[in-house]
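The listed protein sequences correspond, in order, to chains S and Y. Using numbering that gives the first Met the number 0, read the first sequence as starting at 0 and increasing by one per residue. Using numbering that gives the first Met the number 0, read the second sequence as starting at 0 and increasing by one per residue.
Honestly, I wouldn't trust all of these hints.
Here are some chain S residues pointing at chain Y (derived, C-beta under 7 Å) [unchecked claim]:
(1) 13
(2) 15
(3) 53
(4) 59
(5) 63
(6) 64
(7) 65
(8) 66
(9) 75
(10) 154
Not everything, but these chain Y residues come out facing chain S in the computed CB check (under 7 Å) [claimed, not checked]:
(11) 147
(12) 197
(13) 201
(14) 219
(15) 317
(16) 319
(17) 335
(18) 339
(19) 341
(20) 363
(21) 364
(22) 367
Simulated restraints, written as ranges between beta carbons of each label pair [claimed, not checked]:
(23) 146(S) - 236(Y): 22 to 28 Å
(24) 146(S) - 254(Y): 54 to 60 Å
(25) 34(Y) - 52(S): 47 to 53 Å
(26) 72(S) - 171(Y): 28 to 34 Å
Hint data in this document are derived by calculation from the structure and do not stem from the laboratory. Where is the CB? At the ideal position from N, CA and C, for every residue including glycine.
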Amino acid sequence: MTSSTPDLEHDTILAWVDRGASVLDLGCGDGALLADLVATKQVTACGIDIDEHAIYQCVARGLSVFHQDLDTGLAEYTDRSFDYVILKQSLQQLRQPTFVLREATRVGRKVIVSIPNFAHYAARFQVFFRGRVPVTPILPYEWYDSPNIHFLSILDFRDFCADQRFRIEKSLFLRRNHAVRVFPNFFAETAIFLLSHSEGSAVMRAIHSGTRVLHPRRDA
Amino acid sequence: MADSDLSVGVVETQYFTFAEPPNEFPLESGDRLGPITLAYESYGALNAQRSNAVLVLHALSGDGHAAGYHVGEERPGWWDAMIGPGKALDTETYFVLCSNVIGGCKGSTGPSSVNPTTGRPYGLAFPHVTIRDMVTAQERLITHLGIDRLLTVIGGSMGGMQVLQWMVAHPHRIRSAIPIATALHHSPQQIAFHEVGRQAIFADPNWRHGDYYGQDPPARGLAVARMVGHITYMSDVSMAEKFGRRVKADQPPFHFGPHFEVEGYLRYRGDHFVQRFDANSYLYITKAIDAFNLLADTRLQDVFKPLRAKILVIAFKSDWLYPAYQSQEIVRACKLAHVDATYCEIPSTYGHDAFLLEVDEETHLITHFLRTVAHNREA
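The whole structure should be built from the sequences, with the hints applied where relevant.
Rendered as structure tokens:
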């Protein structure tokens with residue numbers, strides 16, 4: 000039951016997930032994406048969200064969900080517990096995005112991340128000419144009531160992945176439900192990335208974060 | 000108006016007796032107990048496949064009368080808001096069972112029952128019973144009723160401990176489980192509050208080492224125990240909302256009468272409780288709760304290992320007696336064992352009592368959860 004209004008971000012994520020996979024959705028909201036993944040890809044679905052109304056909506060859809068703060072981590076899950084971990088428009092709302100994305104790449108074989116591009120031209124225009132923090136269709140919040148606590152562009156996210164040694168396997172850039180192929184950091188409102196472990200990433204991440212390497216042989 | 004339409008109506012308690020000597024029931028303590036009677040009630044009808052049975056498990060002071068009305072009584076069963084036509088446990092769809100625990104005093108065998116070897120009430124000669132014993136006895140009941148697998152087991156507080164015990168001891172006989180406002184084991188703070196209640200009973204001269212049947216019962220001691228209990232079941236906010244610092248006009252402040260409304264309330268609840276509950280049962284059941292420990296000889300990651308049932312864990316934000324972190328530990332154990340679980344922390348100001356009072360949120364979660372479980376044939 001795909002939603003009637005076209006949503007290319009939603010549909011892209013549906014398309015990128017393999018049939019029958021196990022999926023963990025971090026910041027699953029009302030569960031619309033997970034429910035579609037169950038219906039069209041027969042995935043084993045699990046969601047996490049901090050908002051109790053999201054939990055009520057997910058349960059009404061028959062989904063299994065945890066009412067939990069993502070910033071507390073995913074410690075109970077062993078390495079590669081899920082085929083996919085999804086962060087759809089939730090990374091920029093986390094207090095500890097680095098920690099959570101490291102955790103996501105640990106427990107998931109692949110990670111799908113979508114972000115709003117704060118360097119989109121409409122946002123640049125508002126900052127440059129109006130001298131105001133942008134309020135656009137994909138960034139619809141005033142500064143005082145925005146759930147977004149980190150501001151990043153597509154280039155920022157690429158740098159971040161290189162720094163953290165997350166390998167970007169695939170990416171897609173969108174503006175008003177159309178794919179953007181030229182100068183995405185200027186023209187795209189939304190970006191979707193498929194990430195995976197890069198070689199030795201677990202060891203490198205452990206060195207960066209100072210945590211214990213759980214299974215050094217597997218990744219080394 | 001609509002209340003009577005939504006009620007299961009007039010109900011009657013039924014009795015199941017088993018473990019007749021010499022086949023007494025082996026208790027966890029090593030003692031044997033028999034015969035054992037369980038008082039239980041059922042609402043709705045068991046379907047032809049016997050696949051729609053729901054077992055409701057009661058808390059410390061509850062009983063088998065969970066819904067509907069006994070003849071001549073005005074108050075319905077203790078979870079009437081959740082059980083009935085169109086309610087969370089919909090009796091049009093489900094066959095709902097609730098039994099009084101062993102050790103109880105509402106029709107099941109407990110310390111106030113007659114000891115067949117002496118012809119007098121057991122008193123302290125009653126053996127120690129545990130949450131595991133309560134659940135093993137319930138399992139005998141559902142076997143007796145011809146039910147192989149329960150659609151779900153559900154309960155709050157001590158009822159939730161029984162749910163957890165079902166998940167551990169009889170994983171293949173449940174398709175789902177709903178532990179509410181409960182814990183894998185009691186914290187020292189929880190044990191401490193129970194101990195204050197027990198000490199109040201011990202300190203009552205009428206208690207006579209449990210041998211008070213046929214005489215004045217230790218009503219003061221049990222009332223104080225219940226007052227302590229009620230404080231722990233409410234929250235700072237719910238007490239402030241319910242009583243404030245309001246005073247009773249007819250009570251002068253310095254005569255130690257129930258001057259504040261909260262004092263009057265606690266006295267009323269305490270005095271009311273002694274009319275319907277046995278002090279020795281209170282001692283035995285609080286001890287069973289304190290002794291319960293699913294992590295006694297198992298690690299957290301192994302406790303739910305063989306479980307394939309679907310789990311719904313519910314906690315309440317203002318519950319300081321069974322804080323949400325205890326429910327989160329249950330959830331962690333489920334995740335570690337790859338058990339299909341859902342967790343919701345309902346924002347409530349009612350404290351521990353919320354599991355009896357937050358009907359709308361619980362109804363939403365449980366209705367949809369059970370629909371999913373019933374729909375999922377493989378579960």
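Consistency of the hints with the structure:
At its closest, the beta carbon of residue 13(S) sits 21 Å from a beta carbon of chain Y; the interface hint therefore is violated under the 7 Å criterion. For residue 15(S), the interface hint is violated, the least distance from its beta-carbon to any beta-carbon of chain Y being 24 Å, above 7 Å. Of the supplied interface hints, the one on residue 53(S) is violated, with its beta-carbon coming no nearer than about 10 Å to a beta-carbon of chain Y, more than 7 Å. Given the 7 Å rule on beta carbons, the hint for residue 59(S) holds: about 5 Å separates it from the nearest Cβ of chain Y.
With a least beta-carbon distance of about 5 Å to chain Y, the hint placing residue 63(S) at the interface is held under the 7 Å criterion. Interface restraint check: residue 64(S) against chain Y, minimum CB-CB distance 5 Å, threshold 7 Å, status holds. This hint holds: residue 65(S) has a C-beta 5 Å from the nearest C-beta of chain Y, less than the 7 Å allowed. Satisfaction of the interface hint for residue 66(S) is found here, the shortest Cβ-Cβ separation to chain Y being roughly 5 Å, below the 7 Å cut-off.
With 7 Å as the threshold, the beta carbon of residue 75(S) comes within range of chain Y, its nearest partner Cβ sitting at about 4 Å, so the hint holds. Restraint check, residue 154(S) versus chain Y: the minimum CB separation of about 36 Å is more than 7 Å; hint violated. A cut of 7 Å between beta carbons decides the hint on residue 147(Y): the least distance to chain S is about 25 Å, and the hint is violated. Annotation: interface hint on residue 197(Y) violated; nearest CB of chain S at approximately 35 Å, more than 7 Å.
Given hint, residue 201(Y) at the interface with chain S, is violated; its Cβ is 41 Å from that chain's nearest Cβ, farther than 7 Å. Hint status for residue 219(Y) relative to chain S: violated, with the closest Cβ pair at about 42 Å, above 7 Å. Evaluation of the residue 317(Y) hint against chain S yields a violated restraint, the C-beta minimum of about 14 Å exceeding 7 Å. Taking 7 Å as the C-beta cut-off, the interface hint given for residue 319(Y) is violated, the closest approach to chain S being about 18 Å.
Given the 7 Å rule on beta carbons, the hint for residue 335(Y) holds: about 5 Å separates it from the nearest Cβ of chain S. Interface hint at residue 339(Y): satisfied, since its Cβ lies 5 Å from the closest Cβ of chain S, which is below the 7 Å cut-off. A least Cβ separation of about 5 Å between residue 341(Y) and chain S falls short of the 7 Å threshold, and the interface hint therefore holds. Against a cut-off of 7 Å between C-beta atoms, the interface hint on residue 363(Y) holds, since the closest Cβ of chain S lies about 6 Å away.
Checking residue 364(Y) against chain S: minimum C-beta separation of about 5 Å stays under 7 Å; hint holds. A least Cβ separation of about 5 Å between residue 367(Y) and chain S falls short of the 7 Å threshold, and the interface hint therefore holds. At roughly 27 Å, the beta carbons of residue 146(S) and residue 236(Y) sit within the given window of 22 to 28 Å. Evaluation of the 54 to 60 Å hint for residue 146(S) and residue 254(Y) yields a pass: the beta carbon distance comes to about 56 Å.
For residue 34(Y) and residue 52(S), the Cβ-Cβ distance of about 51 Å falls inside the hinted range of 47 to 53 Å, so the restraint holds. At about 33 Å, the CB distance of residue 72(S) to residue 171(Y) agrees with the hint of 28 to 34 Å.
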